[in-house]
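K.L.:
Chains as they are written, first to last, in the numbering used here: chain A, 1 to 430; chain B, 431 to 896.
It is possible that part of the hints are untrue.
Stated by the list, open to error - Ranges of calculated distance between the beta carbons of each label pair, as one might list FRET restraints:
#1 A:PRO277 x B:HIS770: 41 to 51 Å
#2 A:GLY345 x B:VAL769: 44 to 54 Å
#3 B:ALA799 x A:GLN226: 52 to 62 Å
#4 B:ASN467 x A:PRO277: 51 to 61 Å
#5 B:VAL769 x A:PHE231: 27 to 37 Å
#6 A:LEU289 x B:VAL769: 18 to 28 Å
#7 B:VAL872 x A:GLY162: 25 to 35 Å
#8 A:THR284 x B:ARG579: 23 to 33 Å
Claimed, not checked - As a list, the in silico DSBU-like pairs of lysine-lysine whose alpha-carbon atoms are at most 35 Å apart:
#9 B:LYS589 x B:LYS727
#10 B:LYS673 x A:LYS156
#11 A:LYS148 x B:LYS589
#12 B:LYS727 x A:LYS148
#13 B:LYS727 x A:LYS153
#14 B:LYS589 x A:LYS156
Unchecked claim - Partial selection, computed: residues in chain A whose CB lies under 10 Å from chain B:
#15 ALA141
#16 GLN147
#17 LYS156
#18 THR158
#19 ALA377
Hints listed in this document are in silico derivations from the structure and should not be mistaken for laboratory results.
C-beta: ideal position from N, C-alpha, C; glycine also.
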Amino acid sequence: MPVNILMPALSPTMTEGTLAKWLKKEGDTVKAGEVIAEIETDKATMEVEAVDEGKLAKILIPAGTSNVAVNTAIAVLLEDGEDASALSAAPVAAIPSPQPSPEGRGSEGAKAAPSSPSALPPLPAGEGRGEGQRVFASPLARRIAEQKGLDLKSVKGTGPHGRIVKSDVENAKASGTTSAPKSSSALTSSGPDAKQLADMLGMEYTEIPNNNIKKVTARRLTEAKQTIPHFYLSVDCVLDKLLAARVAMNNAADGAYKLSVNDFIIKANAMALKAYPPANTSWTDDAVLQYKHADISIAVATPNGLITPIIKAAETKSLSEISNEMKDLAKRAKEGKLKPVEFQGGSFSISNLGMFGVKNFQAIVNPPQSCIMAVGAGEERVVVENGQMVVRTVMTVTLSTDHRSVDGAVGAEYLQHFKKFIENPVLMLA
Amino acid sequence: MTEQNFDVVVIGGGPGGYVAAIRAAQLGMKTAVVEANHLGGICLNWGCIPTKALLRSAEVFHLMNHAADYGLSCEKPSFDIKKIVERSRGVSKQLSGGIGHLLKKNKVTVFDAYGRLQGKGKVEIEKKDKTKEILSAKHIIVATGARARVLPGLEPDGKLVWTYREAMVPDFMPKSLLVIGSGAIGIEFASFYRTLGADVTVVEVMDKIMPVEDDEISGLARKAFEKQGMKIMTSAKVVKLEKGANNVTCHVEVAGKVEKITVDRVIAAVGIVANIEDIGLANTKVKTEKGQIVTGKYSETDEAGVYAIGDVAGAPWLAHKASHEGIICIEKIAGLRDVHPLDKSGIPGCTYAHPQVASIGLTEAKAKAAGYDIKVGRFPFMGNGKAIALGEPEGLVKTIFDAKTGALLGAHMIGAEVTEMIQGFAIGKTLEATELEFMHTVFPHPTLSEMMHESVLSAYGKAVHF
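With the rest of the complex left out, here is chain A (with noise of 0.2 Å):
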């Protein structure tokens, strides 16, 4: 029986995407394990792999479509043995998708095989099921939901244990899957439209269309600004002693590492937040929640834009450790090849511009994350010691904080066990 390939799921929070690229055409053969076509989230790009072995025999959404919906099928694929007149009968998209798209569900092919209402249709390719993150919602808050077009991923839940109850769906406003991109366009292009003044000033320009990561990351980050008070904190650290430390792991690695001085200050703000917990938290409106392990996000510049790849855990890590797994994100994440569970996440994040020659700057908070740090280069620079002038490497860091969560007395002890930490690198093996 004919095998409907469907739009999968690559993180809990995708209710659609694009469909980027098809990488076989209809009549080729494929293998289970075998990638077929990558799906561009709001993330990140992703490929798509067959679950069966077949013959793509029809692609039901071309290449370049935006918004197709989880579930959708998006390609029919035969089995050994059945040819394209197989294909009538094949119930396309027989697992109802919750948000149900016009194409691919065709009824004909419903009508075509009435006779056979045993015939349960196979569960759905691969990632498309599976990742379940349950949401509570009441039964008559789904059935409102749903004949409102609301998504209950979108809706907070005010009733037992955050279930969603009726009066939450009625107080949502209706976001479906096309209003979305609409309302956040509109919170980041407020104020003159940019493309017609330029039009009507005969300013010359290009047009560099905007990608999905570009634009999640443009309208969390306006949010971000506009939603959480920030506030920032500075501090010099001097880097001498680690400078040495890294030559000396450098020299005796033989290889099986290099260690750069983002490397350091990973583990030194993860052994920090270990030392110090209230800086490793978000805000909620009924409480703080202070995470166990301190999973850093390092911002990422790619050529798709910002993201920010996550070292979990990295108070148990050693530094030879965080420094080949932040090789391995950095590079998967320029070539759009992360997961989502690799950048989803985190509790605090690190923006470092230091290989800029940046002195210093102010990031914005990585919501829900409470800190952000940004790096500054190091420099030498004239300090006085005990009343000498004397040159040392120094390179200046600015925390902002959600003011809600860390305020002025956390943020400022947090800096004093970070400085701790770098300037005294041997601290950490403790």
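Given chain A's structure and the hints, the job is docking chain B onto it.
P.N.:
Chain B in isolation, oriented as in the chain A frame:
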């Protein structure tokens, strides 16, 4: 004057007050209850509970009279009203004592005294011996309840014109009675005395009896009572009571004409009024409106640290509403999570007459008036095996759904044991079930509750047994 400090002081030890006090103590708050009369309040001493005891006697008497229907014989059943009353008082006494133990077990201090708000977080208590003390508390909960409403010209005198209080402890069995008001209290007494053989007339000023109930249920109730020989006058008003030596002549105005009815006793059951007088409200910023204390979602008043729960804070005047308000209020004070305001559309109401009536949510008329497109399901007792086996073939289970969302808007029942069944719909409403969850629920066979299932199926044209 000594002054004792508490975290919570509750004025009134009824079903609102004592429940709030126990919950407060459970949450670690130092708690006191100030009660001037009996722990358990009206509900336990002069309301819900003793009347259920009386009605149980009436029910057994009814069954004895119908013994032959069940193949049994019971010659000339008779009763002793004094012993019926004695049993009823015994039940109240037992339970009131039980509350005393519960409060003690939870380390709640009980003051056998009258409490008045003093403002600034203080309560003055006046003991039976007239000595006074001051209690100070971070949180004061007013749970002073309500009393029978008195209409001019119809003032109860405790002898010929009774309130619930005298009707509950009659010193003789009246041969004839006139009940003014057909709410739950009036109808329960009417049913009790009618079942024991009194000639009972019920006078209701509205155009139907049990005015808050669904029209259809109210109509069925009227039919059932009239079949038992009760005289029911609606859109009728008692304009004058002419008292004789041992009887009362009631002047009842119906459609412009006055009819004179002479009875042994009159029971005035024309509603209740909140006890807001002489509790020191003037010493606080607490506001009252239409004779009751104005409260917010969590029973807070306009005076910080003063809360009001139960009858004193308004309708519905039900013990279970008071208890729930008390718990919500205390848990909110304690800062617990998952505390939500009481949804008053989900409070069931029960009347324990013969037949019983139980309901929750909107009536058909109110659902329509609120603009809902509705689906109505009905299932009669006649179609239920257990009802027939019990010899209780009269009654109806009616359900009202929002056609658009499948939300259960209301459920209305009349017949045997419906007061024990209504909680099923209450749970459904709380869980925000739609018609599908009710349909998918397995009801045990044979039970009266199967009618609840069938009524839901009927609303969607799927009833099996009718």
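K.L.:
Taking 23 to 33 Å as the hint, is the beta-carbon distance of THR284 of chain A and ARG579 of chain B inside that range?
P.N.:
Violated, since THR284 of chain A and ARG579 of chain B (Cβ atoms, about 48 Å apart) do not stay within the stated range.
K.L.:
Less than 10 Å between beta-carbons is the criterion; does ALA141 of chain A satisfy it with respect to chain B?
P.N.:
With Cβ-Cβ at 6 Å, under 10 Å, it holds.
K.L.:
Just to be careful: measuring from the Cβ of GLN147 of chain A to every Cβ in chain B, is the smallest value less than 10 Å?
P.N.:
GLN147 of chain A check passes; min Cβ-Cβ to chain B is 7 Å, inside 10 Å.
K.L.:
Hint check: LYS727 of chain B vs LYS153 of chain A, CA-CA at most 35 Å. Holds or violated?
P.N.:
holds (28 Å)
K.L.:
Given the proposed pairing of LYS727 of chain B with LYS148 of chain A, does the C-alpha separation stay at or below 35 Å?
P.N.:
Holds, at about 28 Å.
K.L.:
LEU289 of chain A and VAL769 of chain B, beta-carbon distance inside 18 to 28 Å?
P.N.:
For VAL769 of chain B against LEU289 of chain A, whose Cβ atoms are near 20 Å apart, the range 18 to 28 Å holds.
K.L.:
At the C-beta level, are VAL769 of chain B and PHE231 of chain A separated by a distance inside 27 to 37 Å?
P.N.:
Hint holds: Cβ distance 33 Å, inside 27 to 37 Å.
K.L.:
Take a look at whether the Cβ-Cβ distance between GLY345 of chain A and VAL769 of chain B falls inside 44 to 54 Å.
P.N.:
Cβ of GLY345 of chain A to Cβ of VAL769 of chain B: about 30 Å, so the range 44 to 54 Å is violated.
K.L.:
Report holds or violated for the interface hint on LYS156 of chain A, using the least CB-CB distance to chain B and a cut-off of 10 Å.
P.N.:
Violated. Min distance 14 Å.
K.L.:
Indicate whether the distance between the beta carbons of ALA799 of chain B and GLN226 of chain A respects the range 52 to 62 Å.
P.N.:
Between ALA799 of chain B and GLN226 of chain A, where Cβ atoms are some 44 Å apart, the hint is violated.
K.L.:
Hey, LYS148 of chain A versus LYS589 of chain B, does the alpha-carbon distance stay inside 35 Å?
P.N.:
With a Cα-Cα distance of about 62 Å, the restraint between LYS148 of chain A and LYS589 of chain B is violated, given a limit of 35 Å.
K.L.:
Sort out whether LYS156 of chain A lies within 35 Å of LYS589 of chain B, counting only the CA atoms.
P.N.:
It is violated: about 60 Å lies between the C-alpha atoms, which goes past 35 Å.
The structure fails hints 1, 2, 3, 8, 9, 10, 11, 14, 17 and 19 (numbered hints given earlier, in ascending order).
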